Each structure stands twice: as structure tokens, then as C-alpha cells.
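A.B. asks: Sequence:
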Amino acid sequence: FNKSLEELTISEVSFLAGLPKAPNAYHPLRNADAAIGRRNYVLKRMLEDGYISDDEFAAARQLRIEVKGRNRDEFVEAPFFAEEVRREISEKYGEDVLYRGGLSVRTTLDPRLQKFGAQALRGGLISYDRRHGWRGPIAQIKPTVDWLQELMRIPLPTAMPDWGLAAVLEIDDASGAIIGLTDGKKGHIPLSDLTWARAWRDGQKLGPEVNKVSEVLTVGDVILVEELLSEDRNTEK
Numbered sequence: 001f002n003k004s005l006e007e008l009t010i011s012e013v014s015f016l017a018g019l020p021k022a023p024n025a026y027h028p029l030r031n032a033d034a035a036i037g038r039r040n041y042v043l044k045r046m047l048e049d050g051y052i053s054d055d056e057f058a059a060a061r062q063l064r065i066e067v068k069g070r071n072r073d074e075f076v077e078a079p080f081f082a083e084e085v086r087r088e089i090s091e092k093y094g095e096d097v098l099y100r101g102g103l104s105v106r107t108t109l110d111p112r113l114q115k116f117g118a119q120a121l122r123g124g125l126i127s128y129d130r131r132h133g134w135r136g137p138i139a140q141i142k143p144t145v146d147w148l149q150e151l152m153r154i155p156l157p158t159a160m161p162d163w164g165l166a167a168v169l170e171i172d173d174a175s176g177a178i179i180g181l182t183d184g185k186k187g188h189i190p191l192s193d194l195t196w197a198r199a200w201r202d203g204q205k206l207g208p209e210v211n212k213v214s215e216v217l218t219v220g221d222v223i224l225v226e227e228l229l230s231e232d233r234n235t236e237k
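According to full-length UniProt numbering, the sequence shown is numbered sequentially starting from 1.
You can trust all of the hints, since none of them are fake.
Derived CB-CB ranges, DEER-like: (1) Pro208 <-> Gln119: 31 to 37 angstroms; (2) Glu7 <-> Glu226: 36 to 42 angstroms; (3) Lys185 <-> Asp54: 47 to 53 angstroms; (4) Val67 <-> Lys185: 25 to 31 angstroms; (5) Asp146 <-> Gly50: 56 to 62 angstroms; (6) Lys92 <-> Trp200: 43 to 49 angstroms; (7) Ala25 <-> Arg61: 16 to 22 angstroms; (8) Leu29 <-> Lys92: 36 to 42 angstroms.
In short, the hints are calculated from the structure, not lab data. Nothing here was measured: the structure is a model prediction, and the numbers come from that model. Even for Gly, the Cβ is constructed at its ideal location relative to N, Cα and C.
Turn these sequences into a full structure, and let the hints steer you where they fit.
C.D. replies: Structure follows, in C-alpha cells:
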């Protein structure tokens, strides 16, 4: 709720009190009805035990559970840095203090520089990977009317949260490929965005230059994609 304990309402306190039993089952966004039901149960117990009045009970029951989403700018992805901090604290104070001591830890991490560093590393790895050619799709599905169902069964590879799965639905050797995305929409990959994808050959070699789409993709291929803005075309993204 992005509040201190003193600022929480009776409705919010009762929701939090009932949450530990099954956090996922009472998720306020994914399972709103179950969350409200659990909160109302706690409110009833508070009324029966004399912690709240009839009026407070009636008023709290009418309220929606409104949670505050985490601002992406407040969340920094720095798993390796965080693990090093965790390790040092564990070595200095022990596991019990680390996980049960209620520690508040200040570090030297600069979120802005961390973001730039992660972007630079990611861009460098993508460029390196492209210089070593195209190693093929991650899976194959049957290009039927149920392509979306088939696509949704395929797990997204780990460490690729910024990319999405797509199925190749149609191919035109001259103009490009039509792809289906996991949200049901379709996209287009022009031939110009596939010219880097020369086949990888044994012995650290690349195959011939790409002159048509079918030299890279076939209908039913499942690939990883990232949306490119017009100014990103012909870059190493």
C-alpha cells in the first residue's frame, strides 16, 4: 500500500493479516474476489473479538482493496551486485541476522549507472551473438489456426525477459515474414532485418549471404523477437 503502519486503514490491516495463509490465492489483482472474501473474514473475527465496532466493520467491508504498484524506476535489476552484498552480510553477521534481523542495507549502487551498464552489456552480447550467425529457431509448431495455443505452450527462455516468442505464419521471400505474437497480434519482419542471420557453420564460419527470407525462416518456426522502432532499423539491435 506504500504506507507506514500508522497510516493503514482497518480494511488494509485486515487484508494483510489474512494474506500469509495463502499469498497467491488471495492476490488482490489476480484473485480480487478471494482477497476481499479473506479480508471480510478477518474483519468479522476482529468484530467478534472486540477490536472494531459495528460501524467500522460495515464501513471497511464496503471498501475495495487498492494496492499501489511498484514504480519501475524504484526497482533496480542488479542480481550479481545484490548477491555480493548478501554474501558479505552473511559472512559478517550470519544467516540468522541476514534473514531475520530486519536489516536495512545501504549500498553504493547507482541505479542510473546500473541501468546504462546493463544496457551496454546486453547490446554487446547481442552484437557478439549476431557476428556468429543464426543458429536456428528455438522450436517448431504446426502452422494451424490454433497457432496461438501452440505458441503459448512454449516457455520463454530464461534470461530473456525483454524478448517475446513469435511464430512464423507466412513467408514472402522478397518482402519478409508474417509472425504471430503471444498477445494474438501479428507483426512483420522485412528481409532487410534478416540479412545478418547467415547460417552458422562448424569451424567458426558463416554461411553465404542472405538473399531471401526462406534461407533463414520457415513457416512454423518459433523465434525470439523484439519490436524495433523505425530509427532502430539497420542497427545492431
